[in-house]
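**Q** Sequence:
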Amino acid sequence: VQLQASGGGLVQAGGSLRLSCAVTGTFFGMLDMAWYRQAPGKQRELAAHITKDGDTHYADSVNGRFTISRDNAEKTVRLQMNSLKPDDTGVYLCRGCVEPFCGHRDYWGQGTLVTVSS
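Numbering (the numbering used here), first residue to last: 165 to 282.
Be aware that one or more of the hints could be misleading.
[Said to hold, decoys possible] No farther apart than 16 Å at their CA atoms in a straight line, the calculated lysine to aspartate or glutamate pairs in the EDC-like style are these:
no.: 1; residue 1: K206; residue 2: D251
no.: 2; residue 1: K239; residue 2: D217
no.: 3; residue 1: K216; residue 2: E263
no.: 4; residue 1: K216; residue 2: D235
no.: 5; residue 1: K249; residue 2: D224
no.: 6; residue 1: K239; residue 2: D196
no.: 7; residue 1: K216; residue 2: D270
no.: 8; residue 1: K216; residue 2: D196
no.: 9; residue 1: K216; residue 2: E238
Source of the hints: derived by calculation from the structure; they are not laboratory data.
Given the sequences, and given the hints that come with them, work out the whole structure.
**A** What follows is the structure in structure tokens.
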């Protein structure tokens with residue numbers, strides 16, 4: 165399984181970006197998927213998560229502004245980010261895993277940089 169993240173860039177505060185994570189492999193439908201982010205000098209944190217059944221969960225800091233979705237036919241997970249803030253700046257990474265092995269056998273993409281200017 166390989167994950168390829170894309171869609172990052174430079175945007176002004178208040179703007180929007182849409183990230184995509186394309187997954188190659190044969191069992192995308194079994195994967196729980198998530199977007200993590202890591203700001204400079206800070207620990208990696210979970211931004212949004214979607215289960216194989218489509219249930220979603222968001223960090224408090226992005227709830228109401230970000231939307232995670234998945235397209236099983238295209239084997240892609242997307243993160244729509246609206247009302248961006250400078251604090252949203254960081255490298256965004258997508259992660260896939262199959263329960264109950266999440267945390268023990270995870271698949272990671274290479275990350276895409278999001279920069280939000282004030």
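**Q** Work down the list of hints and note, for each, if the structure agrees.
**A** Results of checking the hints against the structure:
As the CA atoms of K206 and D251 are separated by approximately 11 Å, the hinted pair is consistent with the 16 Å bound. Distance restraint check for K239 and D217: the Cα-Cα separation of roughly 14 Å lies within the 16 Å cut-off, and the hinted pair is therefore satisfied. Annotation: proposed proximity of K216 to E263 holds, straight-line Cα distance about 9 Å (limit 16 Å). For the suggested pair K216 and D235, the alpha carbons sit about 11 Å apart, so the restraint of at most 16 Å is met.
Of the pairs offered as hints, the one joining K249 and D224 holds, with about 14 Å between alpha carbons and a cut-off of 16 Å not exceeded. Among the hinted pairs, K239 with D196 is consistent with the structure: their alpha-carbon atoms are about 12 Å apart, no more than 16 Å. Simply put, K216 and D270 have alpha-carbon atoms about 14 Å apart, close enough for the 16 Å limit, and the pair holds. Restraint check for K216 and D196: the C-alpha separation of about 5 Å stays at or below 16 Å, so the hint holds.
Taken as a hint, the K216 and E238 pair is honoured in the structure, with Cα atoms around 14 Å apart against an allowance of 16 Å.
Of the hints listed earlier, there is not a single one the structure fails to meet.
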